[in-house]
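If you're matching them up, the sequences are chains A and B in order. Quick note: the first sequence uses the working numbering, first residue 81, plus one each step. Quick note: the second sequence uses the working numbering, first residue 172, plus one each step.
Because the hints were derived from the structure by calculation, they are not lab data. Just so it is clear, CB atoms sit at the ideal spot from N, CA and C, and this is done for glycine as well. Don't take each hint at face value.
Claimed, not checked - Here are the simulated EDC-like cross-link-like pairs (lysine to aspartate or glutamate), alpha carbons at most 16 Å apart as the crow flies:
{"hint": "1", "chain 1": "B", "residue 1": "Lys236", "chain 2": "A", "residue 2": "Glu295"}
{"hint": "2", "chain 1": "A", "residue 1": "Lys82", "chain 2": "B", "residue 2": "Asp339"}
{"hint": "3", "chain 1": "A", "residue 1": "Lys199", "chain 2": "A", "residue 2": "Glu253"}
{"hint": "4", "chain 1": "A", "residue 1": "Lys189", "chain 2": "A", "residue 2": "Asp203"}
{"hint": "5", "chain 1": "A", "residue 1": "Lys131", "chain 2": "A", "residue 2": "Glu295"}
{"hint": "6", "chain 1": "A", "residue 1": "Lys189", "chain 2": "A", "residue 2": "Asp153"}
{"hint": "7", "chain 1": "A", "residue 1": "Lys377", "chain 2": "B", "residue 2": "Asp402"}
{"hint": "8", "chain 1": "B", "residue 1": "Lys292", "chain 2": "B", "residue 2": "Asp339"}
{"hint": "9", "chain 1": "B", "residue 1": "Lys303", "chain 2": "B", "residue 2": "Glu282"}
{"hint": "10", "chain 1": "A", "residue 1": "Lys82", "chain 2": "B", "residue 2": "Glu254"}
{"hint": "11", "chain 1": "B", "residue 1": "Lys389", "chain 2": "B", "residue 2": "Asp402"}
{"hint": "12", "chain 1": "A", "residue 1": "Lys131", "chain 2": "A", "residue 2": "Asp304"}
Claimed, not checked - Covered by chain A, according to a simulated footprint, are these stretches of chain B (three or more residues, beta-carbon under 8 Å):
{"hint": "13", "stretch": "198-206"}
{"hint": "14", "stretch": "251-259"}
{"hint": "15", "stretch": "266-278"}
{"hint": "16", "stretch": "362-374"}
What the hints assert, rightly or not - From the derived model, a few chain B residues whose C-beta atoms are all more than 12 Å from chain A:
{"hint": "17", "residue": "Thr188"}
{"hint": "18", "residue": "Thr225"}
{"hint": "19", "residue": "Thr238"}
{"hint": "20", "residue": "Val308"}
{"hint": "21", "residue": "Ala335"}
{"hint": "22", "residue": "Asp353"}
{"hint": "23", "residue": "Asp381"}
{"hint": "24", "residue": "Arg390"}
{"hint": "25", "residue": "Gly401"}
{"hint": "26", "residue": "Ser404"}
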Amino acid sequence: MKTLQYIWRNVMRNKLRSSLTVLSVGFSLALMTILHGYTAMQDQWGIEASKHHRIVVMSTMGFSGDVPIANVDRVRGMEGVIAAVPYAWYGGVYKDQQMAFAQFATDPKAVFDVWPEYKIEADQLKAFQDDRQACVADHRLAERMKWKIGERIPLQGTFYTFNLDLRLVGTFEAPQNTDSLWFNWFYLDEGLLGKSSEMAGNAGTIFAKTNEGLEEATVCKAIDERFSSSENPTRTQTESAFAQMFADMVGNIQLFILVIGLAVVFSLTLVAATTMAMSMRERTTEVAVLKAIGFSKLRVLWMVLGESCWIALLGGLLGIGIGSLCLEGLHSISSQLFPFSIVDMAGPWMFVLLAVAAGIGLVSGIVPAIRAAQLSVIDGLRRVI
Amino acid sequence: MTNSNYEGPIVQIQNVTKEFRRAQFVIPVLSGINLTLNRGDFMALMGPSGSGKTTLLNLVAGLDKPTTGSVEVCGTNLGLASEGTLSRWRSQHIGFIFQLYNLIPVLTAYENIELPLTLTKLNRRQRDEHVKAALEVVGLTDRMNHYPRQLSGGQEQRVSIARAIVTDPTLIVADEPTGDLDAKSGSEILELMRRLNEEFQKTIIMVTHDPNAAARSKRILHLEKGILVGDTSRPVLSGATT
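With the hints as constraints, model all of the structure from the sequences given.
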């Protein structure tokens with residue numbers, strides 16, 4: 081019999097109590113898994129964006145301001161810019177589903193030059209470029225929506241006054257799920273002109289691919305200087321800074337949620353500690369016997385900590401399992417808030433959560449372990465002898 | 172610290188006093204104890220409740236230290252040893268038998284007996300040999316895979332004895348080993364202890380209230396109010412019953 085076997089027997093001694101403790105630790109870590117996954121997914125956009133040398137030109141007024149379509153060509157002509165496209169968020173309703181997925185009006189001729197890491201079949205790209213009403217979608221979005229090539233996709237405008245009648249001509253592969261659909265900006269603009277809308281001619285934002293040899297900040301500065309004295313001054317930033325701007329919008333909420341999550345973990349650590357303390361209190365005589373027959377303080381300490389860590393790690397594994405399933409479920413429900421599958425997220429952070437579980441085990445077990453280690457054999461034995 | 176070739180008395184207690192402090196009160200428990208126990212002795216320690224029997228046993232077993240005087244076991248002065256040293260020393264030299272057996276409920280009889288051996292450097296095969304030998308001595312080979320709750324009181328105490336002897340200790344200390352048993356089981360346990368003493372030359376100190384149990388020993392010590400009032404060496408009554 082090994083000491084680990086003995087520790088495991090102690091874990092299984094009171095199955096109900098151990099199970100409840102494992103469940104309490106598990107659910108708190110599942111919550112942490114979901115929160116951690118959510119924040120990590122938000123951060124991932126910025127990390128991913130920083131690899132691709134893209135910049136975003138928007139109005140100094142923010143999303144409510146205009147970026148004239150003529151500025152796209154001007155940006156294209158600037159030093160260090162390889163390609164640029166208008167990129168306007170449409171935000172339409174699809175079959176009564178609001179925010180079912182992201183829809184962007186862009187330039188089919190250049191959009192895959194701005195996002196060269198996105199891959200599309202050449203014939204599908206040609207079809208996208210040749211037909212004003214054509215659209216392409218992330219293949220994962222197409223799979224989720226069960227769209228086939230040639231499928232008609234009607235979108236009802238929410239703040240744009242023109243409704244779209246799109247036809248899916250292709251799907252693209254992106255390194256991570258974008259949950260996006262792209263259509264021709266000029267189709268939207270023609271529709272808006274036909275309705276004499278004031279929103280016509282607005283590119284929304286401009287996404288541009290820059291030369292890797294140049295500092296993105298220099299290009300951003302040059303663009304903003306170029307338009308500073310125009311009617312529509314711009315604020316240009318790197319794509320990662322743009323992503324961070326979005327993250328910052330909900331930053332306080334993230335922090336708030338994280339603090340609540342930590343508070344839950346802390347309170348359940350105390351619950352686990354109470355359970356361990358009760359368990360050890362019931363075993364005072366047993367600990368005294370172990371010490372009487374020669375078990376050292378350190379060995380007793382290690383055994384009790386081993387037991388609490390076992391329970392916490394089981395809870396941790398359960399928590400990560402439940403949390404991952406929840407994240408996967410949330411991803412399938414809302415790919416916009418949870419853009420990546422758990423497969424994309426699996427990695428070092430799971431080890432971080434296991435370390436958190438081990439930490440809960442250590443914290444919850446340390447006081448009972450020290451008390452057991454310091455127990456006087458005579459006091460412990462006096463209870464029964 | 173311990174001389175393995177030590178040939179003197181197993182236990183030598185000189186001018187030992189023991190006091191406990193409770194708040195501002197000092198409670199004397201033992202005073203002026205002098206005692207020598209030789210290899211192969213089987214000594215019963217008797218006396219009324221509160222007379223200091225268990226305290227004396229704890230001193231001999233290295234679980235407590237005297238207030239004054241010296242307690243030497245196998246040539247080791249226990250009063251001078253650190254707690255860690257005493258832990259190791261106990262694992263090598265002392266076998267414990269408790270009134271309520273104190274077996275670990277989540278371990279089988281075999282595993283309970285093996286427990287003290289996990290502190291040694293013996294390998295799995297050697298541990299197995301030791302455990303099976305101890306099981307054979309106590310006659311419980313057929314129950315080795317049973318958990319304590321599946322054993323009778325007498326069988327549990329026999330497992331406890333096997334656990335006490337499995338490391339081949341120099342001294343066995345037993346605190347009321349038959350106190351929780353019926354007469355028949357108690358008698359079997361006492362007979363087993365007599366065998367350990369006579370056949371295996373184990374040195375035993377046994378605390379008991381029971382004169383019949385004490386009658387199985389070779390020597391009886393009487394304590395009253397912490398003072399040794401009687402020391403009788405006597406022939407063993409192997410037929411005596413509890």
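According to a criterion of three or more residues whose C-beta lies within less than 8 Å of a C-beta of chain A, is the stretch 198-206 of chain B covered? Coverage by chain A is violated for the stretch 198-206 of chain B (0 residues, Cβ < 8 Å).
Does Ala335 of chain B really sit off the interface, with its C-beta more than 12 Å from all C-beta atoms of chain A? Check fails; 9 Å does not lie beyond 12 Å.
With the threshold set at 16 Å, check whether the alpha-carbon distance from Lys199 of chain A to Glu253 of chain A stays at or below it. Holds. Lys199 of chain A to Glu253 of chain A sits at ~5 Å (cutoff 16 Å).
For Lys292 of chain B and Asp339 of chain B, compute the direct alpha-carbon distance and say whether it is at most 16 Å. Judged against 16 Å, a Cα distance of about 14 Å means the pair holds.
Against chain A, does the stretch 266-278 of chain B show at least 3 residues with beta-carbon separation below 8 Å? Check passed, 9 qualifying residues.
For Thr225 of chain B, which was marked as not at the interface, is the minimum beta-carbon distance to chain A over 12 Å? At about 7 Å from chain A, Thr225 of chain B fails to clear the 12 Å cut-off, so the statement is violated.
Given the hinted pair Lys131 of chain A and Asp304 of chain A, is their alpha-carbon gap at most 16 Å? violated, 22 Å
Check whether three or more residues of the stretch 251-259 of chain B sit with their beta carbon closer than 8 Å to a beta carbon of chain A. Since 4 is at least three, the answer is holds.
Please work out if Lys82 of chain A and Glu254 of chain B have their alpha carbons no farther apart than 16 Å. Distance of about 24 Å is beyond 16 Å: violated.
Taking beta carbons only, do three or more residues of the stretch 362-374 of chain B come closer than 8 Å to chain A? Our answer is that it is violated, as 0 residues pass the Cβ test (under 8 Å) against chain A, missing three.
What's the verdict on Lys131 of chain A and Glu295 of chain A, does the C-alpha distance respect the 16 Å limit or exceed it? holds, 13 Å
With a cut-off of 16 Å on the C-alpha distance, tell me whether Lys189 of chain A and Asp203 of chain A pass. holds, 13 Å
Of the numbered hints given earlier, the model fails hints 1, 2, 7, 10, 12, 13, 16, 18, 21; all others are met.
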